[in-house]
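As given, the protein sequences belong to chains A and B, one line each in that order.
Residue 333 in our numbering sits at position 333 of the first sequence, with consecutive numbering throughout.
Residue 365 in our numbering sits at position 365 of the second sequence, with consecutive numbering throughout.
Bear in mind the hints are in silico, worked out from the structure with no lab data behind them.
Note that the Cβ used here is the ideal one computed from N, Cα and C, for glycine as well.
Incorrect hints may have been included.
To be verified - Below are the DSSO-like pairs computed for lysine-lysine, each with C-alpha atoms no more than 30 Å apart in a straight line:
id, chain 1, residue 1, chain 2, residue 2
1, A, Lys350, B, Lys107
2, B, Lys118, A, Lys400
3, B, Lys237, A, Lys350
4, B, Lys119, A, Lys118
Stated by the list, open to error - One-sided excerpt, in silico: chain A residues whose CB lies under 8 Å from chain B:
id, residue
5, Cys75
6, Ala78
7, Asp82
8, Ile300
9, Thr323
10, Gln336
11, Leu340
12, Leu344
13, Val345
14, Pro351
15, Leu354
16, Gln395
17, Tyr408
Number of protein chains: 2
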Amino acid sequence: MNETTFALKGTICFSESPTKLSVTENGYLVCENGVSAGVFTELPEKYQGIPCRDTNGCLIIPGLTDLHLHAPQYCFRATGMDLELLDWLNTITFPQESRYADLEYAKAAYSIFAEDMKKSATTRASIFATLHVAGTELLMDLMEETGLKTLIGKVNMDRNGPPTLQEESAGASARDTVTWLEETAGRYQNVKPILTPRFTPSCTDELMTKLAEIQQKYHLPVQSHLSENFGEIAWVKELCPNTRFYGEAYDQFGMFGGPDCPTIMAHCVHCPDEEIALMKERGVYVAHCSQSNTNLSSGIAPVRRYLDEGLHVGLGSDIAGGTTVSLLRAMADSVQTSKLRWRLVDDSQKPLSLEEVFYMATQGGGSFFGKVGSFDAGYEFDAVILDDANLPHPQPLTPKERLERLVYLSDDRNITGKYVSGNKIF
Amino acid sequence: MNETTFALKGTICFSESPTKLSVTENGYLVCENGVSAGVFTELPEKYQGIPCRDTNGCLIIPGLTDLHLHAPQYCFRATGMDLELLDWLNTITFPQESRYADLEYAKAAYSIFAEDMKKSATTRASIFATLHVAGTELLMDLMEETGLKTLIGKVNMDRNGPPTLQEESAGASARDTVTWLEETAGRYQNVKPILTPRFTPSCTDELMTKLAEIQQKYHLPVQSHLSENFGEIAWVKELCPNTRFYGEAYDQFGMFGGPDCPTIMAHCVHCPDEEIALMKERGVYVAHCSQSNTNLSSGIAPVRRYLDEGLHVGLGSDIAGGTTVSLLRAMADSVQTSKLRWRLVDDSQKPLSLEEVFYMATQGGGSFFGKVGSFDAGYEFDAVILDDANLPHPQPLTPKERLERLVYLSDDRNITGKYVSGNKIF
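Excised from the complex, chain A in its bound form (with noise of 0.2 Å):
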């Protein structure tokens, strides 16, 4: 057995289905060459004498995936919280993204960003950099360092964007991407490129054409945002006459899921009954996206109508839409906001529960890297721990109330090991 056979002993949850919780007390999870073999209550014979690490009763819990997020944005957060998505974007978000031209600047603010990421909970994560080439590659070395798994895009935008952030045609951003790609290749382990076109207000169809080319070459998957905000989508409506809804101008080029194309995109807060059946059919990943979606007044989305309809769920921070990196927080602002939405919009849709969003944050998002965010054998061995000893307590508490009280109430200092793909992170 070589060095990444190993096991942790604890309190471990995980999800047995999208709402059930797993949980063994006093038990051992064995990491067999980077993939799990397994919760035991009783180490098994076979694995006698491997190293284990006791955690003193901390959960021990999946990594967490998250599935949408913009790193050059991370300086930013929690500054300028009064505009809605557009507005946002021309005034506070496309000129700090100016900034990542100067490799300088793009080292000191992604140096912050990459630290965070490697002492939050997240092991895996898709991730929107900015259009400059430099700046994404500088992202890429510094995100591979953390050992997390992440999806990194160099951002395509040709249109719609100020002087300081537009690229000068759908030809020089096609280039930049391939100049990109081949530059890239080979060059990381944690790390691999995804195709990011940012929105359709942002791509000219002449673009999104060539980077569909670029997509099937490269066998890349997409990311992107849809459907996230009412004046974005009207402006959609306009720019793309020929399209029945937003992700149709996805789709015609061949970009919006399917076999060959897997896609995340993120928020779908206003997504038609038409849209919704495309994203079925192309097992398109929805990044749910809450807090964001709360702090740019765009809504609330329909997740329990995306779960009944068994759409791929998982979350996403969305910074800097969102604030923090933090999914465990993510879980819980989606439940807040169900409930609200359950409330003030459609009460025949049950607020989400704790085992759901618990679900969506680990298997839900994670299995958009394969066979990640669960414990049973066979999965990535992604593993979080987290102690609640500075969270004291008179009452006794079950191992789904501390799992609770850490969603709702946990910050850095509780997550006090990571591991990805049996790789010790700290």
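Position chain B against the provided structure of chain A, taking the given hints into account.
Below, chain B without anything else, positioned relative to chain A:
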């Protein structure tokens, strides 16, 4: 000049008006005998030589006022978060509050609460205890030691509780209340009693009549709950067929504001027009508890309307409907839910701004305690030092941006100093 005369140096922020922030970088905030002497860009000659605590550019803001929270609920915050108000009270809250008959349990639980309140940015609070006299006095003892200025109420409830959490009769409840008032009279510097009928469903008319007599005799302020949740409101209508709206159930006994009965009503999520008019007429304080109203699926209070109509509005953490005593977080929650209300309920009611929630958390609620919540000369010197050094950033930030980040991102590590009426807490 005595020992409570000193200066703090830093970036000083307070509300010039409900919509305007006063910001003084590298300023001096002077405390003279426990009262603010104002903010100065240079230390005036008459204060040369007084002790000065240089915060190295930290933000200095007025102490925050928590207008509504339940101390006995602190230990079970962030658990069982999948119920509406009445089910949550019966299933979780009432059984948990029953435990405070046991003074040892009460001491363990209240000590955790008092410790966390001390570390928070809160300098003033209006707190529910339980119906137990001894437990309530213990809480008062513990809160006295923190140095915070608090109002604490022994809870009255003589109907609709479980056998373990209900007073024997209206007479017994009233007698216990008098015992509590007499036993604690003159005992504290920092803690005062507040009359606390739990809410109409918990209090018979006979009890309310007796409490009104006590209120007048002892000149007590009053705190209770109002129009929080549809289930509760319907129940009150059943219980009080003679009233036109919930507020009348208090008003008919003379406990709904007015010059001789300062009153805090928590929640006010679903107040009809007549109720709002009466609150305005009587100067009733609204304790806006945004997170709690979300967690218990109650809805979103029309705070914009209350501000426009000139009602007194402060913020409440409403432990354990809310999960945290952080009023900085309560500010963020209030902005966020106001955005969802604008999007989902009524787009004629603009979302709340950072300035407005900051005002509510300082002077808005603070004024219930007198001249509290401002740094204008003559206000009690309640101040909090906020250190944001652990939130690095590559770009320059304005003081307002720094404040906004602390509202969204801070935890107890960021609160590095606190003064109440000029007394240094830490």
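What are the numbers of the hints the structure violates, in ascending order? 1
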